[in-house]
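These protein sequence lines map, in sequence, to chains A, B and C. Just so you know, we're using this note's numbering here: the first sequence kicks off at 1 and counts up by one. Just so you know, we're using this note's numbering here: the second sequence kicks off at 1 and counts up by one. Just so you know, we're using this note's numbering here: the third sequence kicks off at 1 and counts up by one.
Each hint can be trusted.
The list that follows gives simulated cross-link-like pairs (lysine to any residue, SDA-like), each with its CA atoms no further than 20 Å apart:
1) A:K24 / C:G68
2) A:K15 / C:P323
3) C:K160 / B:T76
4) A:K24 / C:G76
5) C:K160 / B:I73
6) A:K15 / C:Y67
7) A:K15 / C:T321
8) C:K160 / B:L75
9) C:K160 / B:L74
10) C:K336 / B:V158
11) A:K24 / C:N70
12) A:K24 / C:R71
Since the hints were derived computationally from the structure, they do not count as laboratory data.
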Amino acid sequence: MFGEGILQGLYETAKNFFGSYVEKDRLVTVQFPEERRDLPEATRQFPFLLYDGNDPEAGLRCVSCQICEKECPPQCIHIEKSKDKKPDFVGKPQFYPAVFNIDVSTCMSCQICVEVCPFDAIRMDNEFELSTSNRFAGLLYTKRELAKSNDYYRKIHPTEAAECDERRDKEAEAAKAKAAAAAVAAAKAAQAAEQQTPPAASTPAASASSAANGAAPKPAEQPAEKKPVTQ
Amino acid sequence: MRTTVPFLILAVLTLAGGVAAMTLRRLVHCALALTVSFAGLAALYLNLGAEFAGLAQLLVYVGAIAILIVFAILLTRGGDDKAEPSFSPAGPAGAVLALAVFAVLAWAVETSGLAHPAAIPAAPPEPMRALGFALMQRYVLPLEVIGLMLTAAMIGAVILALREKRPQTPESPRSAAP
Amino acid sequence: MTALPAPTADQIWVWIKAWLVIHTPAPFQALVSIVCIVAAIIVVFASLFALTVLLERKGLGRIQNRYGPNRVGPCGILQPIADAVKSLTKEDIVPRSADHVVHYLAPLVLVAASFLAYAVLPIGRNMTAVNLDAGVLFFFAIGAASELAVFMAGWSSRNKYSLLGAMRAIAQMVSYEVPLILSSIAVVMIAGTLSTSAIVHEQARTTHGIAHWYAFTPWGLAGFILFMIAATAVTNRSPFDLPEGESEIIAGYFIEYSGFKFALFFLAEYLEMFAVSGLGITLFLGGWSSPVSFLAWIPSWIWFFAKLLVLICCFIWVRGTLPRLRMDQLMNFAWKFMLPMTLFVILSAGIWRFLPVTVAGSAALGAVVRWLVCALVVLLPYGTLARTLESGRKIEKREYRFAD
Numbered sequence: 001m002f003g004e005g006i007l008q009g010l011y012e013t014a015k016n017f018f019g020s021y022v023e024k025d026r027l028v029t030v031q032f033p034e035e036r037r038d039l040p041e042a043t044r045q046f047p048f049l050l051y052d053g054n055d056p057e058a059g060l061r062c063v064s065c066q067i068c069e070k071e072c073p074p075q076c077i078h079i080e081k082s083k084d085k086k087p088d089f090v091g092k093p094q095f096y097p098a099v100f101n102i103d104v105s106t107c108m109s110c111q112i113c114v115e116v117c118p119f120d121a122i123r124m125d126n127e128f129e130l131s132t133s134n135r136f137a138g139l140l141y142t143k144r145e146l147a148k149s150n151d152y153y154r155k156i157h158p159t160e161a162a163e164c165d166e167r168r169d170k171e172a173e174a175a176k177a178k179a180a181a182a183a184v185a186a187a188k189a190a191q192a193a194e195q196q197t198p199p200a201a202s203t204p205a206a207s208a209s210s211a212a213n214g215a216a217p218k219p220a221e222q223p224a225e226k227k228p229v230t231q
Numbered sequence: 001m002r003t004t005v006p007f008l009i010l011a012v013l014t015l016a017g018g019v020a021a022m023t024l025r026r027l028v029h030c031a032l033a034l035t036v037s038f039a040g041l042a043a044l045y046l047n048l049g050a051e052f053a054g055l056a057q058l059l060v061y062v063g064a065i066a067i068l069i070v071f072a073i074l075l076t077r078g079g080d081d082k083a084e085p086s087f088s089p090a091g092p093a094g095a096v097l098a099l100a101v102f103a104v105l106a107w108a109v110e111t112s113g114l115a116h117p118a119a120i121p122a123a124p125p126e127p128m129r130a131l132g133f134a135l136m137q138r139y140v141l142p143l144e145v146i147g148l149m150l151t152a153a154m155i156g157a158v159i160l161a162l163r164e165k166r167p168q169t170p171e172s173p174r175s176a177a178p
Numbered sequence: 001m002t003a004l005p006a007p008t009a010d011q012i013w014v015w016i017k018a019w020l021v022i023h024t025p026a027p028f029q030a031l032v033s034i035v036c037i038v039a040a041i042i043v044v045f046a047s048l049f050a051l052t053v054l055l056e057r058k059g060l061g062r063i064q065n066r067y068g069p070n071r072v073g074p075c076g077i078l079q080p081i082a083d084a085v086k087s088l089t090k091e092d093i094v095p096r097s098a099d100h101v102v103h104y105l106a107p108l109v110l111v112a113a114s115f116l117a118y119a120v121l122p123i124g125r126n127m128t129a130v131n132l133d134a135g136v137l138f139f140f141a142i143g144a145a146s147e148l149a150v151f152m153a154g155w156s157s158r159n160k161y162s163l164l165g166a167m168r169a170i171a172q173m174v175s176y177e178v179p180l181i182l183s184s185i186a187v188v189m190i191a192g193t194l195s196t197s198a199i200v201h202e203q204a205r206t207t208h209g210i211a212h213w214y215a216f217t218p219w220g221l222a223g224f225i226l227f228m229i230a231a232t233a234v235t236n237r238s239p240f241d242l243p244e245g246e247s248e249i250i251a252g253y254f255i256e257y258s259g260f261k262f263a264l265f266f267l268a269e270y271l272e273m274f275a276v277s278g279l280g281i282t283l284f285l286g287g288w289s290s291p292v293s294f295l296a297w298i299p300s301w302i303w304f305f306a307k308l309l310v311l312i313c314c315f316i317w318v319r320g321t322l323p324r325l326r327m328d329q330l331m332n333f334a335w336k337f338m339l340p341m342t343l344f345v346i347l348s349a350g351i352w353r354f355l356p357v358t359v360a361g362s363a364a365l366g367a368v369v370r371w372l373v374c375a376l377v378v379l380l381p382y383g384t385l386a387r388t389l390e391s392g393r394k395i396e397k398r399e400y401r402f403a404d
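The shape of chain A in the complex, shown without the other chains (with noise of 0.2 Å):
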């Protein structure tokens, strides 16, 4: 009524204000770029592609099968297909992107790319700083910057990754199995039809033990193309 409200105010600023100085609880602010907070694991920003083993080449798990492309909401992501077929972690033959750009300007870091991919190929990132002094070139990111090893991947969300990565090893394992059985029915056949004629079809025993190495890819010819993945 007679003001004592605007003292009691100013008394409370008046405290903030000597009080930001003595006591350092206080102060809320992290100072960014000397002091940084650690991401929660659930960060996610821009999308990146998965590669396993060494070499973003060869251990790209995308078989450009562009679900994807045809999911995401502001159509950030653009493929293209290849004409030739590599074989993928369980040795199967599958076509592989000849071009994976995303357009970060665009992507609004949805994550529906990673709800829909069947392969495990396309993960969130957690990099936040991505500032370019060009805003075309510089945002749009091709093959060779989004793929990011495993290693990168177990690194920045541990509990997804390891889901990721028991469940793969199950289907190579299985795949394995597989392979290994058809190997054995194969080389029975093989056995059985030697007697009749001579040996000629040993392709697919040939095929399926390659298949099994597949897993773990040969060691990348050019390790200096390879993005680096520390932060």
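Given the coordinates of chain A, assemble chains B and C onto it according to the supplied hints.
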């Protein structure tokens, strides 16, 4: 020479402001030009050494009257209609009237003896103090009467403004509340 | 030219100016003298502007438990330079349908009027740019030009928000100029002069080592508080920053200004704040004089700027504390509280003037009686006014006539 050059500049400014106020098309421009004219007049007073008159002119005309005009324009028209500078049939009559006023003023100045520098009485040593004493002693009654009249006018204006509003909200809950 | 004054610390700036003037050829002496004064005022108060912007941002930050700017230079002290570079290099955009001439002139008129007000402020002993006989009147007359500039800016931008902002600004300035002028009239009445230097000289007298500042009297203290409240409103500072009202009308009358012109508006706002605080210091806080005689060795201009900085800090403090008023609250406060209170302050000053200094032969008793009577004349209306204004107010649900 020293006194005439500023005088000429200010006189030209004042007159230009006045002419612009009459000839410009946009109402707001006219108001602003009129303000320039007021300010030029105030500067003329200051140039003549009449501090109080000059500053009072500035305070009253630029600070109050110009703002009043501008506010009226703001509230009524939005200020964007361009009126053609029309020469109404009352123009010649106005010119005659202006000439008559000028003649009366010229006659008054000529006969008062102010036109002849020798006849001007010396300014008091402290003009502000002298003015204050004159207003508070010799002319205190006229001053009070003027004050009373202005107060009456203001109250009248408030009452007029109030009455206009009343029929609009005859049964608003606020006025019905005890 | 008269002889040089003594080059003491108190008169150092006066001495430098006189020295410069003496050492120029006679025909240019008047010009050099003018340029010296104008340049000094512009440089000093523009740098004070830079300092205040930094202080304000830092202070507001601390009040809100933040750091405030701390990136440019050590502890962010070079932030004003970065701000200046930014606003100078920004694109200057003029709306297509704006009135170009008026749009261009408005910031210039505003800044010119703000600088003109410094002409009559005594910022130190013998340091008044123009020692006008009617200095206080000059100050208020020049203030009128800034209202017009605000209108020019608001109208010429051709934007409804800027027009609304200008209307709010003018209504607020006109309303609060009344208590501003009335509270300074009390001082003019007691000092018996309109000249700012004479008013300061009047307050620089001391008895028993204590200066005769008007803020040390009951009516002066009340007048000073009322004056500063009105000054806050006239300079559109928070909590009276309705004309700018970022959350309602974005930036008010200077919404359509960018780059350097925007910076000019910003500058003019702060210059007005300094000027009106300077006038408050001159009228109530003894201008350049020291409050007690044993501190009189500190140069007069340091006293003035120290007082100015304290007032600026108070402005920042109040800004960090109080939320913005509503328009009807603003007007009610001006006409129902400020106006009657200033009238009572004038009454109290008149009683102070005519009460005898000694009662029953005792000066101490006389002083006590004078103090009590004058304080009562201010405090009683304050209590009654506060009580009646409070009792008339009902907290009811607000009806929105046009929004439904």
